[in-house]
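**Student:** One letter stands for each residue in the lines below.
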Amino acid sequence: MTIAMFLAFVIATLGITVWSAKKNTGSAAYFAAGRSIKGWQNGLAVAGDYMSAASFLGISGMIAFFGYDGFMYSVGFLVAYLTVLYVVAEPLRNAGKYTMADLLAYRLKARPVRAAASLSTLTVSTFYMVAQMIGAGVLVSTLLKDYTWITPNAAIIGVGILMIVYVIFGGMHGTTWVQIVKAVLLMTATFALSIMVMAEFDYSFVKFFDAIASLTYEKGGVEVTQNFLDPGLKFGAAAPAAGVGWGPLDLISLGLALVLATAGLPHILVRFYTVPDAKTARVSVVWAMVIIGVFYILTTFLGFGAATLLKPHLITNENMAAPELSHFLGGDIFFAFISAVAFATILAVVAGLTISASTSFAHDFYTNVLKHGKEVSQAKEVQVARIAAFFVGGISIALAIKLQTINVAFLVGLAFAVAASANLPVIVFSVFWKRFNTTGAVTGLLVGLLSSILLIVLSPSVMGIDGPGVAAAKRHLIQMDAIFPLTNPGIVSIPLGFLAAFLGTLFKREPESEAKFAEFSVRAHTGLGAEKAHDH
Amino acid sequence: MSDTESKPESETNPGTEAWERIAARPEFEALLAAKRRFVVPCCVFFLLYYFALLYLVGWHLDLMKKPVLGKVNVAYLFALSQFFMAWGMAWLYMRKAAAYDRTVTEILKSENL
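For the protein sequence lines, the chains are A and B, in the order given.
If you read the first sequence in the working numbering, its first letter stands for residue 1, the second for the next number, and so on.
If you read the second sequence in the working numbering, its first letter stands for residue 537, the second for the next number, and so on.
Accuracy of the hints is not assured; some may be wrong.
Each computed DSSO-like pair below joins lysine-lysine, with the alpha-carbon atoms no more than 30 Å apart [stated by the list, open to error]:
id, chain 1, residue 1, chain 2, residue 2
1, B, 632, A, 219
2, B, 645, A, 532
3, B, 632, A, 434
4, A, 532, B, 571
5, B, 607, A, 97
6, A, 380, A, 434
7, A, 97, A, 402
8, A, 207, B, 602
9, B, 571, A, 219
10, B, 571, A, 38
11, A, 516, B, 601
12, A, 311, B, 607
13, A, 374, A, 109
14, B, 632, A, 38
15, A, 97, B, 571
16, B, 602, A, 516
17, A, 22, A, 38
18, B, 645, A, 38
19, A, 371, A, 516
20, A, 207, B, 601
21, A, 434, B, 571
22, A, 38, A, 508
23, A, 145, A, 371
24, A, 532, A, 23
25, A, 508, A, 97
26, A, 371, A, 434
27, A, 97, A, 516
28, B, 601, A, 219
29, B, 645, A, 434
30, A, 402, A, 145
31, B, 607, A, 516
32, A, 97, B, 632
33, B, 602, A, 311
34, A, 22, A, 374
35, A, 311, B, 601
Think of the hints as simulated: they come from the structure by calculation, not from any bench.
Model the full structure from these sequences, guided by the hints.
**Tutor:** Laid out in C-alpha cells, this is it:
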C-alpha cells in the first residue's frame, strides 16, 4: 500500500519532468522557468522548497517530545519571511539574473565575489542536502520496512537519482511544479491530520489543551505528569545539566539564525527569479507566508496530538511522531498517504537544493570565474549546469551513504548558520550601503562561512564524550569536551559576518563600486532594466 | 491578489546618464527615504517582538507559564501572536508597496522609459 503511494508520486513527478523538459529552451527557461511562474504558484513553490522533512516530521516530533519548546522552531521559520519580504526579494529580482551572487556582482568585482558566493552557496546546499538525504534513507527504509530490500542505502540512492532526474531534465520548471505538488500534498495531509486529532477530542479546544496541560507518560521508567504547554523542556535553565543544550542563550542563538538565515538560503533566493517582476516576487512571498504560517500553526495539532494520543515514550523516535500518529488515527491507508507525503517533501527540497547549487556552479563559477564572464553560450551554460547537477547529486549520495553512521544532526544547523552569517550580511550591505565593496564582500562571506563551521566543530553538536552504550549514529564526532558551549553558533558567527564585511569595506575604497551604486539603486528599487519574462 | 500583469518596460539598458539622472530626481530620493522610514522601524519592531518571546521563554518562565485562557498559557498565546504579527506586518508592507509602485510608474513615465 505504502509503496503504491510512493510510486504514484514518483510517476506523477516524472510526468511533470517530461512535460517540463519540452519547455527548457535557453538558459532563462532552464535556470528560472522562463520567469513565467505566477505569484500564487511561486508562493506554493517557496513553501514546498522550504518546508523540509525536518519541519513536517522533525518539528512534530520535537513538540511531541519537548512540548512547547519544539513550537519555537515553528515561530522562527515564519517570522524569518519578513526579512525576505522587506529586504531581499524585490532588489534580488530586479538586479539579479539567476543566483544570489548576481546581486553582489552587480557593482562589485565579479570574479572574487562570485567565487566566494559560489563557495558559500555550494557549502550551504551540500550540507543541507546531505542532512536531508541521510534523513530520507532512515525514514524511507523505516516507512517501507515490509520490503527488506529497501535499505537506507537503497533509499538514499533512489532519492538521489530521482532528484538528479528532476533537475537535469525538468530544470527549474520541473522543480517548481514538483514543489507545488508537494506543498499541496503537505498542506492536505497536515489539515487532515489536524482535523483527525481534534476529532479525538470531540473538536473541543478545551479538552485538547487540558490534555496537553496534564500529560502523563513514562520517563526513564517512572511515570511523570508534565504540562507540555510549559516552556523549558528543551531550552530551560535546567536543561544544560540534562545535557540537552545550554539553555536560554542557545535558544536566542538559534532564534537569531532562524530569523536571519532564510533570506540567505540560496535555494529560496533563486525562486524569486522565476516570476515576471519584483511585484510578483513580493506577492509570492506573501502567499508563501500564508501557507507556511498556517502549516506551522498546525504543527500544534500534529506535535501535541502525537504527545497526548501516543505518549512520548511510546513513539519510536522524533521523526516517527507524525507517521505513527497517522497510523493511530487512520490505519494503514492513511499511514501510507502520510509516508508518501513525507517522501514527496524530501524530494522537493533536495531537488530545489540541487538546482540552486548547480546553477551557482554553472553561472557563477564556470561562466564568470573560469571563463571571465565572456563567450559562454546559453546552451553551454545549461550543459555545465546539468553536468554540475549530476556531480552535486552524486557527491551528495556518496557523502550521505558515507556519513549515515555518524551523528549529523549538526548539518542543518550549520547550513542555517552559514546562510545567516555569510550570505545575509553581504546581501544587506550591497543593497543599502553605497561604500560597500569587493573586499568587504569577500571577507564577510569567508569569515561568516569559516566561523560558522569552526564554531559548530567546537560545539556540543560535534564534540562531547559519550558513554560506551551510545549507538554509532548518536556518538559525537570528536570525543572531547566541547570548547564552544552553544549548539547554535549564530549569536557569535552572525555578528562576526557583519563585522568582517564592515571592516573589510573600510580597509580599502573602491570608487567603481560607489559610482555604480546610483545605477544599482535605481534598478533595484524601480525594476528598470530588470530581466524580462520569456514566453514559451 | 492579482499577480499576472507585468507592465512592458524598456528592453535595453537606458545608459549611465539616465541611471544617474533618475537617481538624482527628488521623487526617487523621496521614494528611498519613504521606504527606509517604513522598513527600518518595521524590522526593529518585528525583531524586538520576536526576541521578546525568546527572552521571556528563556528567563521569565514563571510569567510565561501563567494560564490565561483555560489551560492555555502566556507562552503559547505569545507564540501564536507571532504568526498574526508576521501576517499583519506583511499586509502593512503590501499596502505601502502599492504606493511605492505608483511612484515608480510615475518616475519611469516622466522619463519616457
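**Student:** Provide an ascending list of the numbers of those earlier hints which the structure does not satisfy.
**Tutor:** 1, 5, 6, 7, 9, 11, 16, 22, 23 and 31
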